[in-house]
Amino acid sequence: MARRWAAGNQRPKFQSLRVALGRTSRCLCGWSTCHSQSQVLIRSPFWSAEIRKRLSVSTQCREHQRGESAMIDLSPKGESRGLPRSPVPIESELCPVRLGELRVVRVPASRQRGTKRISKDLDLSIIERRVRVMGGSPIVAGTRVRVSDVVGHYRLEGRSVAGVKRALPFLTSKQVSAALDYYVRHRKEIDKEIATERALAAPWRPDST
Amino acid sequence: MAARFYLDHHVNVELATRLEASGHDVLKTFDANMDTAEDEEQLEFATKELRILYTQNIQHFKVIAERWGRQDREHAGLMYSSQQRAALLHQWIEAALDLYPDGIHNVTLSLPVATH
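Line order of the protein sequences matches chains A and B. Per our numbering, the first sequence starts with residue 5, numbered consecutively. Per our numbering, the second sequence starts with residue 5, numbered consecutively.
There could be a bad hint or two in this list.
To be verified - Simulated crosslink set (DSSO-like; lysine-lysine; CA at most 27 angstroms straight-line):
#, chain 1, residue 1, chain 2, residue 2
1, A, Lys192, A, Lys169
2, A, Lys169, B, Lys32
3, B, Lys32, A, Lys192
4, B, Lys66, B, Lys32
5, B, Lys66, A, Lys196
6, B, Lys32, A, Lys178
7, A, Lys196, A, Lys169
Bear in mind the hints are in silico, worked out from the structure with no lab data behind them.
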């Protein structure tokens, strides 16, 4: 990215687009039952042909107040090296961002505030939600480990990634850091889940035994 | 009393080691190739294997256990608690087993959590 911005030594002004998802698309908030259709805000320093390959996508679902932002590679063959691919193949039925279906509307500059700093490292495919696995809580993809479980192990095992891996040896460091990263970004949501679990567990106080 | 356990995927492996050391038969989700199984499949699998399912997902398994109760479906025992140190959990589980000398078939137990 740095190389691209080197010309004139100035970051290009981002052009923003607000994109409405096509009717068949899933909402990007991650709930497969959500029909509110996230607003996808696409920021790209490039235009036309380039926008089909590299997009900074930030989404915010109005109903569930959650979303992600990331730079993702939308080119069918993965031409943008070093960027995470779209979580599902572009051609797939589940692809949240299908360019063919997007209505692209310019957003006036006055309404462009509130977009988060975009992290190139965020890999959208590591944390997922599945309605019937752990009741739809955010989990490490392909496991039955919630983000809140990782956070719990992290706290109990000396606050280190190695500690979490000792407790759950099948996780990779990348998965653990992605879960912790998710926690940092969605602190309120995960803290609420941990509090709910604690409230449901049978209380025990030293004097009651 | 030795019991048969089935531990959910997110449970600390130290607990499995400790339970095995005290003579229980322990199966982990990972070893049963059930890593990506749905919640209800977990309980069905544990029932089929005649094992006590231990999970730290209280809020969702509580609902499933209650629904099974209404539908007169039996399970082979379900224990849940929120996350805490493996050593402490091990003590709770042993204490719970002692309370039920006839086994905990179709019993849902919520293990205590220390409040600070």
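**Q.** Hint numbers not upheld by this structure, sorted from lowest to highest
**A.** 3
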